[in-house]
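> One-letter residues, chain by chain:
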Amino acid sequence: MNAEEIEQLRRRMGEVAALPHEDAKRLAVVRQISQVEGPLEQEWLELLREDERMRLELARVTPPPDLEQRLLAIPQQIKPRTRWLLRTSRWVSALAAVLVIGLALWGVTAMKNHRLSRTLGDIATLAMASHETQPDLAVASSDWQVVRTALDGSLYFPIDRPKLDPSFKLLGGKVVKLAGASMVYTRWESAGRTYSLYQFCGKDFGINAPVARQEISPRPSPKARCNVIVWTEDHCDYALVIDGETTPAWASGA
Amino acid sequence: MGRRDAKRTMYKSWVREYAADLYRCAFRLIGRADAAEEIVQETFYEAWRSIDSLRDPAKAKPWLLKILRHRYAHWVRDESRRPKTGMVLDLEGSNPSSGAEEPGDVMARREWLQAALNALEDRYKVPFILVFLEGFTCEQAGEFLELPLGTVLSRIHRGRRFLREYLNRDERLPHATLRIHRPQREGGEPESHVGGAP
Chain E
0 MNAEEIEQLR RRMGEVAALP HEDAKRLAVV RQISQVEGPL EQEWLELLRE DERMRLELAR
60 VTPPPDLEQR LLAIPQQIKP RTRWLLRTSR WVSALAAVLV IGLALWGVTA MKNHRLSRTL
120 GDIATLAMAS HETQPDLAVA SSDWQVVRTA LDGSLYFPID RPKLDPSFKL LGGKVVKLAG
180 ASMVYTRWES AGRTYSLYQF CGKDFGINAP VARQEISPRP SPKARCNVIV WTEDHCDYAL
240 VIDGETTPAW ASGA
Chain P
0 MGRRDAKRTM YKSWVREYAA DLYRCAFRLI GRADAAEEIV QETFYEAWRS IDSLRDPAKA
60 KPWLLKILRH RYAHWVRDES RRPKTGMVLD LEGSNPSSGA EEPGDVMARR EWLQAALNAL
120 EDRYKVPFIL VFLEGFTCEQ AGEFLELPLG TVLSRIHRGR RFLREYLNRD ERLPHATLRI
180 HRPQREGGEP ESHVGGAP
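These protein sequences, in sequence, are chains E and P.
Mapping to numbering that gives the first Met the number 0: the first sequence position 152 is 151, numbers consecutive.
Mapping to numbering that gives the first Met the number 0: the second sequence position 19 is 18, numbers consecutive.
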């Protein structure tokens, strides 16, 4: 046995000394010790003696004489919890945990929804304000391809248009900046009403998920009553501003 | 005999059979008689309150020890929040290793043993006490602590080695005044660092 093996055996001696005498691991170590010349046998015996001394020393603690009496008096002071109460308290705890988790999830969702509706309200207000100023058109054409080609390249997102009512007639478009965010502005006309369509990138406003089509009531306009529809279609976000009190059925989503 | 009487009888038998053992265990874990007494009372209080939750009365002792371990964990947590104060163990003039042990030396040695235990981290101290004081086999200690047998054996070995080194080192300092600080119990210590103090 070389020095390293002896050191390993010494470590194993320390580990197995606490095992019962009949334990196979302990017996194996004892057999190994008996086959090695040197001080290991003496160390093993000393280890066992030391363990026994430790056991004796550890047990040498005297409990206070009145401890038993005080412990025996406990049942006279309180009643044990009944099995029913123990079971019920477990159910109540589980129910409370579910409620807390549910409330937390609901709170997070409500907060997200609130933040989203506030952002959409801001976008609607910006779009309506822009619509009321009737921005000059950079490209005046009724041909969508012409408008798109003219504006393409000036934005970091691809220009597209949503499915609009067939009666819509394009008047032209331009790139505008609202609250620092670039948008594609296109003006449309149908049945004597003017429509402004704004295509924007939701991420510019912190919107990371598709927006379901919804009608937003922006802050009352000083000039005229407008409605704004906001939605996501084919990964593009749109805000459509409609002049007038009522929103056409096709625009509100259906 | 009614159910309540049966419970009382069972509780009384636990007090008579296990109170002293639990007190010894608590004392060796904490090193203070007042705190050990308090924890044992809390343990029996909790045991009586939840007596109906014990399914197998034959396993009462491990169950009581589990409660005690929880109470001890609470105590450690509360203690760690209190401002730490150094404790001076003045052993001037006592030298346990010099010749045949006199009664005074034996007492000093016992104090050293408890001081060494106080300086030992819980992860080594608890399995050590379960096996050497409570008479658990290493396997039972592993089940109780939810640790593999190999880990229990290794921790006992490290704990024992630390105690031996602690005792031997201090035996070489016959006129020592040892300043003991409570070991730091939460994380951050390398595996090889078994004792937290001094």
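Hints are supplied without guarantee of correctness; some may be wrong.
To be verified - Here are some, though not all, of the chain E residues that point toward chain P, as calculated from beta-carbon distances under 7 Å:
no., residue
1, Arg-9
2, Gly-13
3, Arg-52
4, Glu-67
5, Leu-71
6, Ile-73
Bear in mind the hints are in silico, worked out from the structure with no lab data behind them.
C-beta atoms are modelled at their ideal positions from N, C-alpha and C, and glycine is treated no differently.
> Against this structure, judge whether each hint is valid.
Structure-based check of all given hints:
Nearest Cβ of chain P to the Cβ of Arg-9(E): about 10 Å, over the 7 Å cut. The hint is violated. Interface restraint check: Gly-13(E) against chain P, minimum CB-CB distance 4 Å, threshold 7 Å, status holds. The closest approach between the C-beta of Arg-52(E) and any C-beta of chain P is roughly 10 Å, which is over the 7 Å cut-off, so the hint fails. Taking 7 Å as the C-beta contact cut-off toward chain P, the hint placing Glu-67(E) at the interface holds, the least distance being around 6 Å.
Interface hint status for Leu-71(E): upheld, as the beta-carbon distance to the closest one in chain P is roughly 5 Å, under 7 Å. Hint on Ile-73(E) holds. Least Cβ distance to chain P is approximately 5 Å, under the 7 Å limit.
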